[in-house]
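Start from the sequences and build out the full structure, keeping to the hints where you can.
Top to bottom, those sequences are chains A and B.
Note that this note's numbering numbers the first sequence so that position 280 is 280, with each residue one more than the last.
Note that this note's numbering numbers the second sequence so that position 8 is 8, with each residue one more than the last.
Hints are supplied without guarantee of correctness; some may be wrong.
Unchecked claim - Selected chain B positions facing chain A (in silico; Cβ < 7 Å):
1. 18
2. 42
3. 58
4. 59
Honestly, the hints are just simulated from the structure, not real lab data.
Note that the Cβ used here is the ideal one computed from N, Cα and C, for glycine as well.
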Amino acid sequence: MTLYEYVSCLNPPDTLLISNNGNNATEELVSLADVFRRNHKQLEDQSLALSCRDNIKLIQYLVALDGYCSRLILLPSSLNEEEKQQLIKKSECSFIIEDDQIDQLIMAAPMHQQTVWTLATSGTTGTPILIDHSLESLSRTVKQPSQKSQDFIWGLLYDPCRFAGLQVILQSLIGGNMLVFSSDNNFNSQVETLLQHQVNALSASPSLWRKMLIDGRIRQMSLRQITLGGEIADDSILNKLKSSFPDSRIIHIYASTEAGVGFAVTDAKAGFPANWLNKPKKDIHMKIGSNGNLLIKQSQQVGGKEVLQRIDEQGFLDTQDKVTQERDRILFLGRESGCINVGGNKVHPEEVENVIRELNEVADVRVYSKKNPIIGELVSADIMLSEEQEDKKTVKKTITEHCKTKLELYKIPALISFTSDLQISPAGKLTRTSS
Amino acid sequence: MDLKQTIIDMMHEVAELTESEIIGNLSDNTLLLESGLDSLGFAILVARLEEELNYDPFTQMEDAVYPSTLGEFHAIYEKLRKKHDSVRIRQLS
Numbered sequence: 001m002t003l004y005e006y007v008s009c010l011n012p013p014d015t016l017l018i019s020n021n022g023n024n025a026t027e028e029l030v031s032l033a034d035v036f037r038r039n040h041k042q043l044e045d046q047s048l049a050l051s052c053r054d055n056i057k058l059i060q061y062l063v064a065l066d067g068y069c070s071r072l073i074l075l076p077s078s079l080n081e082e083e084k085q086q087l088i089k090k091s092e093c094s095f096i097i098e099d100d101q102i103d104q105l106i107m108a109a110p111m112h113q114q115t116v117w118t119l120a121t122s123g124t125t126g127t128p129i130l131i132d133h134s135l136e137s138l139s140r141t142v143k144q145p146s147q148k149s150q151d152f153i154w155g156l157l158y159d160p161c162r163f164a165g166l167q168v169i170l171q172s173l174i175g176g177n178m179l180v181f182s183s184d185n186n187f188n189s190q191v192e193t194l195l196q197h198q199v200n201a202l203s204a205s206p207s208l209w210r211k212m213l214i215d216g217r218i219r220q221m222s223l224r225q226i227t228l229g230g231e232i233a234d235d236s237i238l239n240k241l242k243s244s245f246p247d248s249r250i251i252h253i254y255a256s257t258e259a260g261v262g263f264a265v266t267d268a269k270a271g272f273p274a275n276w277l278n279k280p281k282k283d284i285h286m287k288i289g290s291n292g293n294l295l296i297k298q299s300q301q302v303g304g305k306e307v308l309q310r311i312d313e314q315g316f317l318d319t320q321d322k323v324t325q326e327r328d329r330i331l332f333l334g335r336e337s338g339c340i341n342v343g344g345n346k347v348h349p350e351e352v353e354n355v356i357r358e359l360n361e362v363a364d365v366r367v368y369s370k371k372n373p374i375i376g377e378l379v380s381a382d383i384m385l386s387e388e389q390e391d392k393k394t395v396k397k398t399i400t401e402h403c404k405t406k407l408e409l410y411k412i413p414a415l416i417s418f419t420s421d422l423q424i425s426p427a428g429k430l431t432r433t434s435s
Numbered sequence: 001m002d003l004k005q006t007i008i009d010m011m012h013e014v015a016e017l018t019e020s021e022i023i024g025n026l027s028d029n030t031l032l033l034e035s036g037l038d039s040l041g042f043a044i045l046v047a048r049l050e051e052e053l054n055y056d057p058f059t060q061m062e063d064a065v066y067p068s069t070l071g072e073f074h075a076i077y078e079k080l081r082k083k084h085d086s087v088r089i090r091q092l093s
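Next up, the structure:
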């Protein structure tokens, strides 16, 4: 089924999409799609790139274009002009839609196929790459409305052009739940919008959840469904969410734009049960590679040149996420590429962050690599304190002493600085660019 | 500012962090590798000094000639300090 067909046969609440700019009823989505298709026959069965700053308009386009064009390349608004042009060129698309402007780039023969949804992800090097999906692969985890979930009002905090954001949008359009979002990515207006429309189901990255808990306003919300994704969900954030929202179901999702959705963990504990490695969960097989990375094989592999290079002869994709087994649990250590190399000793920033977060004085922390002429790299940390402290020297000592109880010496941050705001990327993740 | 004392004080700070012990009788002739700090310790010392002084001779030096004694270590910083201070004066005026 196409998105248009799904939306057409929904019996949703009258208002499906709510933004801080205005409502948009479901019938409108369908009729707008009809008008658009009538007026833009040149786009039928063509490949096109879409860049749109208005979230409501973006969703209108998705409904109009899925099942109409042969390929839809979604360009997040966070891309800079150079990256955007690079991806447009790589995709060899025929048309580009930028907000309201439609331009033809090249002439191409129409291709009648199920619409390919092409997403941009930063991959491991930072340069955006293209990953092909289908509506089917993107909506695998969409839950059909049940008694429990039909009253869910979902909040969208992710970029709608990225994998995680689309999961939430499709939960609304296919699952029939109401969707609330802010038209801009300003943190303050996002939080206010969530509160104003009484959102009770929310998906965000662990870093964003931490930021919202520190901000405090969301504690007033009666959340019934909390989802975490995009980064490692450690026990610290899971426990904090459990105690702040005792009535909520908490799940964390392991997924990547490259692998598609992997799996959801519903016991609100970090990592996943070790016995999942031996028995395939639904259609997902997992194992740990000799390099310590998690390998996944799914019947629905997503496409794209760069991803296909990382699939071995048995069809397993190297997720490039390092894992370790601790008793009956498999825990995530961090991205393979994110390691800090301290004179040959590898350090996962996430591991150090987890230890530092145990301190009450620390609201959140970002650990990253700092280049060093003697030993290559050193571990550095930016700390956001729970409360302003006059005596920074004592706080630094507290942090260092605590780290010594849990970490090898080379993992302890050599440099500690304090910040009032940790940078979170448009994809909701802590940015750890080295300096 | 007494640069030599700054370096020695910082060495003690780093020794505490890395659970090492600086030897009692530090002098200009003391070999760095026998002072009590290991290579991790020195790496952190250089990084902390950069944070404190706003310059790092090791990243700025054209030939990678590493000092072997405490005196040589101090001299590299002293040399760059003069250069750094004169640049700062030019920027301020």
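Status of the hints after comparison with the structure:
no. : hint : verdict
1   : 18   : holds (6 Å)
2   : 42   : holds (5 Å)
3   : 58   : holds (4 Å)
4   : 59   : holds (5 Å)
In terms of the numbered hints stated before, the structure departs from none.
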